[in-house]
Every structure is written in structure tokens, then in C-alpha cells.
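K.L.:
Protein chains in written order, with our numbering: chain A, 1 to 502; chain D, 503 to 832; chain Y, 833 to 974.
Simulated from the structure, these hints should not be mistaken for lab results. None of the values given here were measured: they were computed from a predicted structure. You may find that some hints are simply not true.
[As the list claims (entries may be wrong)] Straight line, CA to CA, 35 Å or less: simulated DSBU-like cross-link-like pairs of lysine-lysine: (1) A:Lys223 - Y:Lys860; (2) D:Lys754 - D:Lys798; (3) Y:Lys883 - A:Lys223; (4) Y:Lys839 - A:Lys225; (5) Y:Lys860 - Y:Lys902; (6) Y:Lys939 - A:Lys287; (7) Y:Lys860 - A:Lys385; (8) Y:Lys902 - A:Lys425; (9) A:Lys426 - A:Lys385; (10) D:Lys827 - Y:Lys860; (11) D:Lys596 - D:Lys660; (12) Y:Lys860 - D:Lys596.
Here are the chains, one letter per residue:
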Amino acid sequence: MSDILYGLMNALNWINLIAALFSVSAGILVGALPGLSAAMGVALLIPVTFGMPADTALISLAGVYCGAVYGGSISAILLHTPGTSSAAATALDGYQLTLRGKAGKALGTATISSFIGGILSTIALYLLSPPLAKLALSFGPAEYFWLSIFGLTIIAGVSSKSILKGLISGVVGLAISTIGMDPITGVPRFTFGVRYLLDGVPFTAMLIGLFSMSQVLIMAESKMKDKAKAKDLEDKVMLSWGEIKRILPTCLRSTVIGTVTGILPGAGGTIAAYMGYNEAKRFSKHKEEFGQGSIEGVAGAEAANNAVTGGSLIPTLTLGIPGNSVTAILLGGLIIQGMRSGPELFTSHARVTYTFFAGFAVVNVFMLFVGLFAGKYFAKVASVKDSILIPIVFALSVIGSFSIYNRMFDVWVMFIFGIIGYFVKKLDLNPAAIVLALILGPIGESGLRRTLILSRGSYAPFFTSTVSWVLIIMSIVSLFSPILMEKLAEGRASKPKAETNK
Amino acid sequence: MKKGIVLILAVLMVFALVGCTQESSDPTGESKEVSVEGYPSKPVNVIVAYRAGGGTDVGARILTSVAEKNFSQPLVIQNIEGAGGEIGFTDLAKATPDGYTIGFINLPTFVSLPMDRNTQYVVEDVRPIANHVFDPGVLMVQESSEWETLEDFIAHAKANPGTLSVSNNGAGASNHIGAAHFEYEAGIELIHAPFDGTTNMLAALRGGHVDASVAKISEVADLVEAGELRILASYTEERLDQFPEVPTLQEKGFDILFGSARALVAPKDTPDEIIEILHDLFKNAIESEEHMNRAKDANLPIRYMGPEELQRYMENEAIYLQEVKPKIGL
Amino acid sequence: MKTMDQKLGWILLLMTGGFYYLTSQLPKDAAFYPLFITIILAALSILFLIKAYKDSNVEEKPLFKGLELKQLAFITAACGGYVALINVLGYFVATFLYFIVVLFGLKVERNKLIIISIGFCGFIFILFKLLLRVRLPEGLII
């Protein structure tokens with residue numbers, strides 16, 4: 001207990017506070033710029049942290065991590081181009097709010113929800129690490145298969161227009177995900193001898209093209225006109241109590257979703273955000289708002305993706321198994337600092353570890369204040385003319401895709417998917433479905449094939465573990481609940497008619 | 503009107519596709535003259551063919567941060583991961599041999615990949631500078647498993663052929679080779695389940711989804727100390743310092759030696775003088791106290807080898823693989 | 833008059849055919865999953881095509897209403913040209929030219945044009961080259 005208190009006090013000393021504030025702000029900036037990702041921000045910071053004491057170094061890395069995941073929502077909301085892949089779901093309703101002149105409110109919602117997700121997942125980190133870490137290990141190939149199935153059922157949920165088009169988009173995503181080496185035999189599929197495709201189409205470059213560059217082209221097809229200035233609109237960043245009460249259940253639910261998703265290696269912020277959005281829609285009393293600018297939609301996505309930050313640290317610190325790509329880098333950073341994951345972190349290194357946890361909470365608090373304070377300045381970006389945004393967003397997309405692997409190949413991939421993305425949006429296909437399928441496809445395929453290899457062809461292991469059954473039931477519910485809900489709604493609607501007929 | 507847009511965009515797509523497949527003969531985008539005078543005059547790129555935070559990356563970062571202190575320019579790590587290292591290795595092999603691009607290779611993977619598939623590099627495309635890490639292989643099971651000794655495991659495998667599963671870090675990757683070679687020598691039949699990388703391979707073992715795994719000692723030493731995993735045997739000539747109670751496979755009658763090395767190399771036409779400068783730089787860094795301490799903290803077993811020794815090691819690895827792979831069916 | 837949806841349906845079927853052809857060249861194990869995808873894609877495309885023909889009487893939402901074709905083509909070409917020239921002219925020269933060309937083409941007034949072009953290049957230079965030491969594409973000039 002004393003270590004925990006020590007950690008709290010230590011996190012509040014001057015150096016660590018300044019590190020937290022600077023790193024969160026830097027993280028928000030990195031996240032907000034379309035093309036720069038959270039993983040990149042953390043990786044860039046690692047050499048800088050070499051000279052720092054371990055606890056300051058870790059707090060800085062946490063700051064960039066949390067800040068970047070939240071920062072991605074800023075450009076997602078204002079420009080319909082997610083700054084980080086985990087903000088892709090935020091763009092769904094966030095941008096709609098901007099179009100309706102409520103950019104400030106969208107930003108405020110994102111800030112508050114990100115804070116709630118981040119801080120509550122920190123609590124999970126403190127209290128629930130051991131059992132949650134066990135959960136991470138219990139996920140074997142069969143369980144990952146069912147996880148991908150459950151994820152794919154969300155596609156119907158994020159297709160607000162035509163379900164058929166959503167499904168087609170999803171299957172196209174699956175097809176694209178097969179490009180690369182077969183995960184089991186290593187045979188190259190559809191790579192045409194291009195070695196950079198051996199690991200699949202570069203994901204981040206593809207995402208930047210699909211969301212950011214396509215938006216550039218969409219801006220380019222209409223006349224450049226003046227946009228309403230922020231001050232002409234009745235738009236505040238801070239939410240009213242009523243609004244906060246309204247998004248609270250969504251935030252809590254999304255926090256759970258995000259924390260659990262973060263724990264699973266291989267599942268990260270993007271999936272969590274879409275799941276959070278989908279569940280927010282499923283349980284909302286105002287479903288019709290979704291797709292037109294629902295703050296619950298923004299809250300559902302943002303709380304989930306920030307909850308992943310805390311959740312992903314759990315297996316990273318306790319088991320040495322990174323929860324996602326950012327924590328993989330963080331783990332490397334830890335090792336370089338001479339700290340290894342496992343029980344040692346809670347015994348001989350306990351003071352540093354608990355300072356880190358406390359620092360994580362501090363970072364989230366700073367994120368809240370920076371976000372709320374700077375929100376009204378951020379919102380002004382929405383009133384910048386398209387003619388200026390077009391070159392800026394595109395140039396940033398170029399840097400973003402180039403700097404992942406320092407090669408122009410990724411920039412061309414971004415360009416191609418930018419054109420594809422333009423057509424996808426114009427033809428009412430579903431970019432969210434494509435992205436979900438791209439991530440979940442490989443997880444599903446390798447899960448399926450590994451299970452069959454281990455069972456020598458028997459399908460029994462798919463139906464053995466508790467986790468598998470939970471996921472199967474969740475998938476069935478997820479698939480059929482929209483239909484069930486409709487029937488229930490019809491039932492309720494026809495009752496009053498029957499009454500008046502008496 | 504509509505046709506117009508589609509046409510233009512289609513033309514641009516083709517244009518872009520051509521741009522994509524244009525193999526950049528020089529992936530670093532540089533094409534300057536090779537000169538030894540004034541080396542180094544700008545930062546040196548160090549290619550790591552695996553992702554940031556992974557084993558190779560951690561070792562690389564520790565070594566370069568120490569070496570940088572004696573070098574007038576920064577040593578910048580570039581992570582180019584994918585395809586088991588193939589993408590990064592190819593970029594390294596094709597880089598301009600001007601001394602401003604070097605990189606880490608993993609053995610035996612660097613040698614085994616061209617044997618498995620049509621890679622765009624050959625082993626002779628690089629020249630050795632120095633070896634850094636040597637990580638011996640070990641056969642692991644869970645601490646809670648019923649097999650206390652190697653004999654127990656083999657007996658169970660013989661009684662139930664084709665039921666025991668071994669996870670590896672990728673089909674044809676180093677751990678797969680190690681496991682298959684053991685399987686062959688012991689005369690048993692195992693199921694090999696490929697996973698995506700070492701962390702996932704070990705997670706499968708720790709979660710009880712497979713029965714055993716062949717890994718490198720640096721990756722599992724902590725887990726054995728913590729009582730989660732058990733080593734049945736090591737693929738070394740002598741018993742491990744850290745775990746003297748673990749028998750070697752040779753002791754048990756199986757003549758298998760296996761381990762993974764991480765070495766610094768440069769494109770093959772890099773001038774001799776530059777290689778010498780780099781070699782001396784890294785040798786001093788490796789042998790320095792700061793480096794040895796940090797490597798110990800990070801669980802990295804260091805074994806320095808100079809260029810000639812490293813060259814011989816690489817050739818021996820090739821011979822070993824050529825002999826063994828057909829026997830074990832890889 | 834074929835609607836956009838109908839054209840899309842045919843394109844999808846064509847893509848499915850191409851995908852099937854490429855899949856057939858793969859060894860059995862590796863081909864299993866792509867084949868599965870091909871079948872689903874084919875089924876969905878056919879369903880989609882049928883629906884598109886059934887609904888061909890329905891008033892189609894004008895997709896390309898108010899579309900400034902010349903502007904779109906100009907921007908796309910400028911973007912493509914920019915990417916192609918980065919390795920030739922060097923990142924900063926190419927980016928600067930790109931900004932000037934695009935802002936001029938979109939009729940941004942001269943003062944703003946110059947400030948933004950220089951400002952953005954400067955911002956990137958400071959942030960990426962000096963502060964973060966991130967590599968930017970190399971070319972013949974800067």
C-alpha cells in the first residue's frame with residue numbers, strides 16, 4: 001500500500017507534472033495531425049527518454065499515448081479525417097455534428113468521454129490486473145476466431161444506409177486483407193512479386209488514403225465556399241449536465257469494451273471504437289440520431305478507444321505480452337530502461353510502476369483540461385476554407401504515410417486508396433466496414449486454421465471453452481438484436497392502436 | 503461528365519500503380535558518391551528488420567545508444583518489419599554501399615529465408631561487421647505440465663504420435679527448424695502450430711493452448727525464474743550458466759546445436775576502410791561496461807564475433823540448414 | 833439508362849472474376865480462405881445486381897450534382913504530380929510548388945497564398961527535421 005501512496009506522491013512532483021503536461025500536449029498534436037499515429041509518436045519519443053529517470057520516461061510515454069489516441073478525434077470531428085486509426089469511428093457522427101455547426105460540442109464530448117475511458121481503465125490497471133491478465137492468456141486460436149466473427153457482426157450496425165452495401169464493403173475488405181503471405185504456410189498471395197506487400201497492404205497508409213485523402217477529393221469536387229464562422233454559431237465546448245448524464249451510460253459501457261479489447265493482444269483501439277459506437281447505438285433511446293450527429297455516438301467511440309490505453313497496459317506489464325502495437329513499443333522502452341515485465345514490476349520496481357500508474361491518471365486529467373480549454377480554438381479549424389485545407393491535409397497525409405517505413409511505396413498506396421476511398425464514399429459503400437474487415441479478417445483466418453491444425457481437423461475445440469460460448473452468444477445477439485428490437489418496437493406501437501379501437 | 507471523371511481517376515490509378523511497383527533500386531532514396539574521406543559526415547541508418555519494441559530492436563537500441571557516444575554522427579534505427587524479416591533484409595542488401603546504411607540480421611533466419619522461397623536478396627549481398635547477441639535455443643513446457651524431464655515428454659510423444667503440439671514463431675522460421683530437428687532425432691511425431699512471432703508463440707504456451715515450444719533462452723529466462731515455464735533441455739554444447747540443472751540435448755544423445763544470432767552487417771560493396779571503422783566502433787561498444795550491464799538487465803546473451811568469425815558462422819549455418827532441412831521435411 | 837448501382841454491380845462481378853482467377857493459381861491450403869471470400873462476394877454481387885435492376889425505376893439520387901469536374905481533376909493531378917516529383921525535386925521544393933499550384937488554382941488570394949505556402953513548409957521543417965528528427969523523402973534538391 002505504501003508503494004501506491006509513494007507512487008501517487010512521486011507522480012505529483014514538479015518534474016513529472018511538467019513531463020505529463022508536455023507529453024500530453026505533444027501527443028494531442030501528433031494524434032490530431034492526419035497521418036501521424038500514436039505508435040509513431042511513442043516510437044519517436046523513446047530515444048528522447050533515454051536520459052530521463054525511469055518514472056519520468058514512462059509518464060512521458062503514457063502522455064504521448066493517451067494524448068495521441070484522444071487527439072485523433074479532433075481531426076476526425078473537424079475534418080472527417082481521423083488523425084489516428086482509432087478515431088475512425090469518431091468521424092462517423094463527429095463530423096456530422098461539425099456540419100451542423102456543433103463542432104465545439106462534439107469536441108467537448110470527445111474530450112470528456114476520452115477522459116472517462118482513460119481514467120476508469122487506469123482503475124482497472126490498479127485493481128484488476130491479475131484476473132484480466134489471465135483472461136488475456138485464455139484467448140487461444142478458437143477464441144480469436146469467434147472474436148473476429150463478433151467483430152464482423154458489427155458491420156451491419158455501422159451500415160446506416162444499405163446493409164447489402166455494407167456487407168459488400170466488408171467482403172471487399174476481407175479480400176484486400178488476404179494480400180500478403182498466408183499466415184500459416186507463408187505462401188505469398190496476390191503480391192505480384194512486390195516485396196512490400198508480403199506483409200499485406202500497409203495498413204496505416206491504406207487508412208490514411210481511405211479516410212484522409214478521399215476527404216481531400218470530396219472537398220475538391222464542390223465549389224469552394226465560405227464556411228460559417230464559429231462565433232456566429234451557438235456552440236459551446238463544455239457540455240450541459242443533461243448532456244453529460246446522457247452520455248454517461250455509454251461512456252461506462254464503452255470503457256468496459258475498450259478495457260477488455262485492450263487486454264487482448266492483436267485487438268486494439270480501432271476495433272474497440274467501432275464496438276463502442278455500435279453498442280452505443282444498440283442501447284440508445286435516440287437511435288435515429290446516429291449517423292446524423294449523435295453525441296452518444298462520439299462518446300461511445302472515444303470512451304472505448306481511450307479505455308484501450310489502460311487495458312492494453314495490463315498484459316504488457318504483468319505478462320510481457322503487448323496489448324497492441326503502441327504497448328509493444330512501450331514494452332521495448334521499458335526493457336531498454338532495464339525494467340522487465342512480470343512480478344518484478346510489482347516488487348523490486350514497485351515504486352516506479354506505481355508512479356507510472358499514478359502518472360497515467362495525471363496524464364488523463366491534463367488531457368481533459370487541455371482538451372476543454374483548447375477546444376474552442378480547435379473548433380476554429382472547422383471554419384477554415386476548403387481551398388486551404390486541401391493542400392494541408394494532403395501534404396500531411398504524404399508525410400504520414402512516408403514516415404512509417406521511410407519509403408515512397410506507402411505514399412503511392414495511400415494515393416491509390418485515396419481514389420478508391422473517394423469512390424467508396426460517393427457510391428455509398430462503407431469505409432468503416434472495409435476497415436473492420438481488414439483488421440478482423442486475418443485474425444479470423446489464422447484463428448480458424450490454427451485451431452484446425454491443433455485439433456487435427458476436428459471442429460470440436462470451437463465449442464469447448466466458456467470464452468468461445470460467450471462470444472458465440474454475443475455474436476448471435478449482435479446479429480439478430482436489430483431485428484428483435486424492431487419487432488418489439490412494432491409491438492409497442494400497435495398496442496395503443498388496439499386500445500383506441502376498443 | 504461522369505465518364506470523364508472515371509477516366510481521369512482510372513488513368514491516375516494506373517500511374518500510381520506503376521509508381522508503386524517501380525522497384526526502387528535504392529530504397530533509402532539516396533544516390534551519392536561513395537567516399538571514405540570525412541566518414542561519417544551525416545547520420546548512419548541502422549536497419550532493424552523487426553518491429554520496434556521486439557527482441558532484435560531492443561538489442562539494437564541498447565548497442566547503438568552506447569556506440570553513438572563514440573561516433574561523431576547519430577546512429578538512427580529504422581524499423582522495417584514484415585515477412586519474417588525479409589523486407590528489411592532486402593532493403594539492407596539493396597542499399598547504397600556508402601557506409602551510411604547498415605543493419606542487423608538474424609541468423610539462421612537470414613540464411614534460411616532464401617532457401618525457403620524466392621527472396622530478392624542472397625546471403626552474399628551483405629558483408630559482416632560484428633556479431634552482437636547469441637541466444638541459444640531451449641525446449642519449453644509449462645511448469646504445470648506432467649512432463650518433468652525430457653524423457654517423459656519423448657515417452658508421451660512416442661505413445662501418442664501426432665498429439666503433442668509445439669508452437670513456433672512462423673512456418674519455416676528459426677524455432678520451427680529447431681523443433682523439427684528435435685522431432686526427427688527423437689523419432690517422434692509432433693503437431694507444429696505456427697504463430698505470428700515469438701510473443702504470440704509463447705502466449706499460446708502460457709495459456710495452455712499448445713503443449714510445448716522451442717524458444718530462445720533470453721525470451722523465457724524470466725518466465726522460468728518466475729515459475730511459469732519449465733526447460734526440458736537446451737540446444738547447447740554446455741549447460742546454461744543460469745540453469746545448470748537443465749540437461750543439454752547432446753547429453754541425452756541428440757546431437758543438435760541450435761541458437762539464434764544477431765549480427766551487424768553492411769551491403770557487400772561497402773569499402774573496407776568504412777567496415778573497419780564501424781567494426782572497431784561496435785567492438786568497443788559491445789565490450790564496454792555500460793553496454794554489458796544494460797545487456798544483462800535486458801537479458802541479452804552477448805557473444806562478440808569479428809568479421810572473419812562471423813563469416814564462418816554464417817557459412818556454417820548455411821551448411822547446417824542445407825543438411826538438416828531436407829531430412830526434417832522443411 | 834443504367835444507374836450507378838447497376839454499373840457498380842457489374843464492376844463487382846468483374847472484380848470477383850479476377851479475384852477467382854488469381855486465387856485458382858494458389859496452392860490448396862492457401863487458397864481455401866480466398867475462395868470462400870470469392871463465393872460470398874459473387875453471391876452478394878449478384879444479389880446487389882438483381883436489386884439494382886429491380887429498383888431501376890426508382891429516382892436515383894444525383895450523385896454528381898454540382899460536381900466541379902475540372903477542379904477535381906486538377907486537384908487529383910496536382911496531388912499525383914506532387915507525389916511523383918518528391919523524389920525528383922526533394923520534399924521541400926516539391927511541397928512548396930504543390931502549395932503554390934493548388935492554392936493558385938483554387939483562387940486563394942496572393943498574400944494568403946504566399947504566407948500559407950511558406951508557413952506550412954516552415955512548420956514541417958521545424959517540427960520534423962529539427963525537433964523530431966524524422967526522415968523526409970530525399971530528392972535532388974532539398
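K.L.:
The structure should be examined with respect to each hint, and the outcome stated for every one.
P.N.:
Hint check results:
Distance restraint check for lysine 223 (chain A) and lysine 860 (chain Y): the Cα-Cα separation of roughly 52 Å exceeds the 35 Å cut-off, and the hinted pair is therefore not satisfied. Proposed proximity of lysine 754 (chain D) and lysine 798 (chain D) is supported: the alpha carbons are some 29 Å apart, at most 35 Å. For the hint pairing lysine 883 (chain Y) with lysine 223 (chain A), the CA-to-CA distance comes to about 34 Å; that is within 35 Å, so the pair holds. For the hint linking lysine 839 (chain Y) to lysine 225 (chain A), the alpha-carbon distance of about 32 Å falls within 35 Å, and the restraint holds.
Between lysine 860 (chain Y) and lysine 902 (chain Y), the direct Cα distance comes to roughly 48 Å. Violation of the 35 Å bound is thereby established for this hinted pair. Using a Cα cut-off of 35 Å, the hinted pair lysine 939 (chain Y) and lysine 287 (chain A) is violated, with the two alpha carbons roughly 42 Å apart. Proximity of lysine 860 (chain Y) to lysine 385 (chain A) is assessed by CA-CA distance (about 54 Å); at most 35 Å being required, the pair is judged violated. Restraint check for lysine 902 (chain Y) and lysine 425 (chain A): the C-alpha separation of about 20 Å stays at or below 35 Å, so the hint holds.
For the hint pairing lysine 426 (chain A) with lysine 385 (chain A), the CA-to-CA distance comes to about 22 Å; that is within 35 Å, so the pair holds. For the suggested pair lysine 827 (chain D) and lysine 860 (chain Y), the alpha carbons sit about 23 Å apart, so the restraint of at most 35 Å is met. Our distance criterion of 35 Å between C-alpha atoms is broken by lysine 596 (chain D) and lysine 660 (chain D), whose separation comes to about 47 Å. With a C-alpha separation of about 33 Å, the suggested pairing of lysine 860 (chain Y) with lysine 596 (chain D) holds against the 35 Å cut-off.
Of the numbered hints stated above, those contradicted by the structure are hints 1, 5, 6, 7, 11, listed in ascending order.
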